[in-house]
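4 protein chains.
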Amino acid sequence: MTKHVFAQIGAGRIGKMHAGNLAAIPNVRIKHVVDHVPQAASALAATLGATASDIDGALGDKEVTAVIITSSTNTHADFIEAAARAGKAIFCEKPVDLTMARVETCLATVKACNVPLMIGFNRRFDPQFAALKRQLDAGVIGKTEHIVIYNRDAAPPPPGFVPTSGGLFRDMSIHDFDTARWLLGEEPSTVYAVGSNLVDPEIGAAGDIDTGTITMTTASGKHVVINTSRRSTFGYDQRLEVIGEKGLLQAGNTPITTVSASTAAGVTSSLPHYNFITRYADAFRLELAAFVKCLDTGTSPAPTGEDGRLALRLAEAANESMATGRAVKV
Amino acid sequence: MTKHVFAQIGAGRIGKMHAGNLAAIPNVRIKHVVDHVPQAASALAATLGATASDIDGALGDKEVTAVIITSSTNTHADFIEAAARAGKAIFCEKPVDLTMARVETCLATVKACNVPLMIGFNRRFDPQFAALKRQLDAGVIGKTEHIVIYNRDAAPPPPGFVPTSGGLFRDMSIHDFDTARWLLGEEPSTVYAVGSNLVDPEIGAAGDIDTGTITMTTASGKHVVINTSRRSTFGYDQRLEVIGEKGLLQAGNTPITTVSASTAAGVTSSLPHYNFITRYADAFRLELAAFVKCLDTGTSPAPTGEDGRLALRLAEAANESMATGRAVKV
Amino acid sequence: MTKHVFAQIGAGRIGKMHAGNLAAIPNVRIKHVVDHVPQAASALAATLGATASDIDGALGDKEVTAVIITSSTNTHADFIEAAARAGKAIFCEKPVDLTMARVETCLATVKACNVPLMIGFNRRFDPQFAALKRQLDAGVIGKTEHIVIYNRDAAPPPPGFVPTSGGLFRDMSIHDFDTARWLLGEEPSTVYAVGSNLVDPEIGAAGDIDTGTITMTTASGKHVVINTSRRSTFGYDQRLEVIGEKGLLQAGNTPITTVSASTAAGVTSSLPHYNFITRYADAFRLELAAFVKCLDTGTSPAPTGEDGRLALRLAEAANESMATGRAVKV
Amino acid sequence: MTKHVFAQIGAGRIGKMHAGNLAAIPNVRIKHVVDHVPQAASALAATLGATASDIDGALGDKEVTAVIITSSTNTHADFIEAAARAGKAIFCEKPVDLTMARVETCLATVKACNVPLMIGFNRRFDPQFAALKRQLDAGVIGKTEHIVIYNRDAAPPPPGFVPTSGGLFRDMSIHDFDTARWLLGEEPSTVYAVGSNLVDPEIGAAGDIDTGTITMTTASGKHVVINTSRRSTFGYDQRLEVIGEKGLLQAGNTPITTVSASTAAGVTSSLPHYNFITRYADAFRLELAAFVKCLDTGTSPAPTGEDGRLALRLAEAANESMATGRAVKV
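As they're listed, the protein sequences go chains A, B, C and D.
Add 80 to a position in the first sequence, counting from 1, and you land on the number used in our numbering.
Add 80 to a position in the second sequence, counting from 1, and you land on the number used in our numbering.
Add 80 to a position in the third sequence, counting from 1, and you land on the number used in our numbering.
Add 80 to a position in the fourth sequence, counting from 1, and you land on the number used in our numbering.
Don't read these hints as lab results, they were simulated from the structure.
Be careful, since some hints might not be right.
In silico DSSO-like pairs for lysine-lysine, Cα to Cα no more than 30 Å straight-line [unchecked claim]: (1) A/373 with A/96; (2) A/96 with D/174; (3) B/96 with C/373; (4) B/96 with C/83; (5) D/409 with C/409.
Some chain C residues well away from chain A (every beta-carbon gap over 12 Å; in silico) [to be verified]: (6) 158; (7) 347; (8) 352.
Even glycine gets a Cβ: it sits at the ideal position worked out from N, Cα and C.
Start from the sequences and build out the full structure, keeping to the hints where you can.
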């Protein structure tokens, strides 16, 4: 089997998690780790038997055939373009960029360079959501009529993060826009969004919301609701349900254990996972496996850059709707 | 204990159900049954040891202290006013009327006559929803942030019903508007609604929708979502959830039994109840018990006529929003 | 429809509950109430529009066609015989008697008098257990291999009750022996039982156990386990499961509501019902409806007196096994 | 951190699984793989960067400090003794041996050689059962009164396995005897067992049973029930429940996903895992992590050889009980 030699760009928390998953794939070798904090690059490189490199060193290495980009959001588009020009296959964490213009120039470059690009919309690879999708595709509930998505972080991000996040809809709901498109098999045509600052005054002070509800419709009349928040005290609230002509599919939260205690105080069972690292551990692992499998077989990976662009377009429409109080046509 | 003598106005399916519940209350006697179909009145009267009467006979009987109105929607306001003028306490099935103007004149009459009026928003008395409300009031999840309501009938109504129904939002969602107001402790201030005709072409031909999504916000920033449909193939989909600062309260569907079968085909458990008669059997019983208790103690019953009016106002706003594609300020 | 005129013998807690269910059946009239406490008989009779009578008055009334016996256990056999001799149809709460000899003479009298006799093994009429039985009979799990029954009271009985109870196996497990026989479609052939006094020292002082485990086998090799206790702090623990060649059927406890609260402390859901009055409300109602339907149609009611005898035989075998430490052949 | 150099003895299915888990521990190196099938040893050695060796070569290597024994049952005791004499720390899959005499001589050798020995009762490390145990130890349900264990394989073993298995109680229930001892904190004092051949006639032809029920009591009066079978069509049935003075702890089966489909046919949810490899994947990983942590810290691993001996003693008592129809005192 072909050995794929990777450069890992970004050695923060998510980078380390992805690197561990990548390195565990038998025909993958991570040769370079790049990070603007040299110690971070060195530390991660050491655990991987890799070298801490700068971006030119990594991309200039002819042996490197692929890169994984897990750096901060504002660097994604630049690194994607650099990697594309160097002819590397690219896996990049979501989003491509927070602005549509930059996304479009970036994707044009990727297209011109004709390299594979996969965006890390990990929900598609979650075993829960993928099982729901398989049942949907198998016709268990017939034609889709209504999709409800719950996406609530357990706890708000640190104060410094919000201003660089792009706002709730571009940061968190971007995943849900992709999930909705993936399940619908059809593009949303109207977007209506409301937002409130109920959770953390600092988020409001930074000009953002922490509680949001988005309603979308499609040309064929399907409805999508996204319920989102920066806080869900009981844990990471990640649920999906789809109503169709023949019934209801639901993917619930994933309890940490099946243990329950029945006492005079009630029947108490396990909380769900608390954050994306544990909740989506399998999804993160499986999305990289899928990417590498595409490299093995020469097939095109998905979600694509275009999926990234279309999800951002919905986030921008949600922002516009929230600002105007009107539904936005997409 | 004071004996309350009732006239039952309306002897159709819902009338029979209410009459059975009312007659089972020890200090209640149903003396008259009124229906525009004489045989219906006679048949129900016979099972109750009551007399089939016309409206004047029933309301002219000095012994009668209370009426229960379960006739067709377009007669509610007239019967309420007649009963009010006759000085009777009134329980009326929802809605007061399908038009705001008629609701307002009707409630003015009730006010002038100074009689008690209770509207049959039975969800408030459902043991599931009432238990959720008690936990909410007890502070289990702190301040409310987000309410999600599911209201889906198992099967669409017969074709002839739709034109007289007032439309999906005035007919079905009216319950959800009341539930939302009851849980919020605050009036919704914006309403946005979308609707589709996905379930039954005849509903569309009658100018109505069968699939709806309503988003509301309040002045303090709370969000409410109502997911509704004329069809839910697996049964009557009646769920509530409330997210607050400290957690999530959920009231699920009520399975008919706890029996599950685990076989090679999966783990199969019981469907929920199929219609409002069985699903809300307890709620229907408890709301009349509450009404009679108010008569016993001379306290004012709720939900009130004003609750009926405010729910209708939200339904009208939803209709306006759907027509204009804009959020409507209430 | 024939009107059935009943005498109610026994006006205690269970008597009142049965009387309410019986009186709600349209073609039933309770004409006499008999109790050794005259005030109890009078009070119940008043709510039923019946007369407080002595046993001879009740059984001597030619209009009376049926009796329901809910008096204390030690009087069951005498009242059954008296009613049988008077030619009445008989519904009697379990057990027929606590000793096999008296059961046998009593049943001989019933047989000689050729009157219908139904014993109140209410579990057979519980909608949960009946639904499980229907699935079992429908072949959902194929041939039965293993039955597990949980029967735990929420709280121990008052101290004075234990000495008259016949002991845990004859008092509580008698229901489970009947349930096992009903599900097996085959008689148990060996019985092994262990018992402990873990819950309440007064129970031990009265010579009884409060915690028991019974294992039975049948000639064809099926296994039955009964797990029982006088205490289950979280509520009335009433569960059934059956393993067969094609899978597992389970009937769980019945939560009072479907409401759950997810907070940092866990996911807390509703406790099950606390006692037999609420847990088996439907079962008690349905068993009398079944009895009256047999009277309507002239068919033989079940569970029969013979079912009562065979359940007692298993309880006696369990007692013998506990005393000897050996499995007992039945 | 000290590097632990292992010899892996046994390269079959379970050996490969353990080797993968062991090799993923950072301070572990597997240097030798031993198997009586040379190709099996070579193949596994190749994936580990290890050498295929014979037992003398592996145990004679001074660099090797520990062995993991996953060979066939009848070789465990010999390999344990050889490793003990060579001064290696030992992890051995259950059981030590199928006969008590051989277990005792083997443990005597281990004791004389003063090496650590851990037996692979993996259930203790299962996150579900461990969470239940933590709640039990934390006093959530107070003093234990009754333990019920379900242990059913999804499908019977291949025909050739049964004669070498030691029989149902020594092969499968041995895990449950250990689980019971672990939860009880007290030794069972009586054992009663029944067994049937209901699942597979070939098992009966080989002189074994495939359906078993074991009841144990302790000196303090606690009860334990083990329900076991060689077949559970819906998947691997691995459940635990403990009743105590304050309530009930339950560890349920682990569904593969949380997805449910509600259609007219019912509410269908995911089956549990099908076999021990996936169901106990975490347990297998965590037990080796625990063993290596003991090596790191110089503490004694558990479950010990003595735990293995005591579990076997209970299995032998169950066999004797089944043969005699009497409870056996241990």
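Verification of the hints:
1. Annotation: proposed proximity of residue 373 of chain A to residue 96 of chain A holds, straight-line Cα distance about 21 Å (limit 30 Å).
2. For the hint linking residue 96 of chain A to residue 174 of chain D, the alpha-carbon distance of about 37 Å lies beyond 30 Å, and the restraint is violated.
3. Restraint check for residue 96 of chain B and residue 373 of chain C: satisfied, since their Cα atoms lie roughly 24 Å apart, inside the 30 Å limit.
4. Taking the CA atoms of residue 96 of chain B and residue 83 of chain C, the gap is near 23 Å; set against the 30 Å cutoff, the hint holds.
5. A threshold of 30 Å between alpha carbons decides the hint, and for residue 409 of chain D with residue 409 of chain C the separation of about 21 Å falls inside it, so the pair holds.
6. Its beta-carbon lying about 41 Å from the closest one in chain A, residue 158 of chain C satisfies the requirement of being farther than 12 Å from that chain.
7. Chain A draws residue 347 of chain C into its interface by the beta-carbon criterion, the shortest separation being 5 Å against a cut-off of 12 Å.
8. Its beta-carbon lying about 8 Å from the closest one in chain A, residue 352 of chain C breaks the requirement of being farther than 12 Å from that chain.
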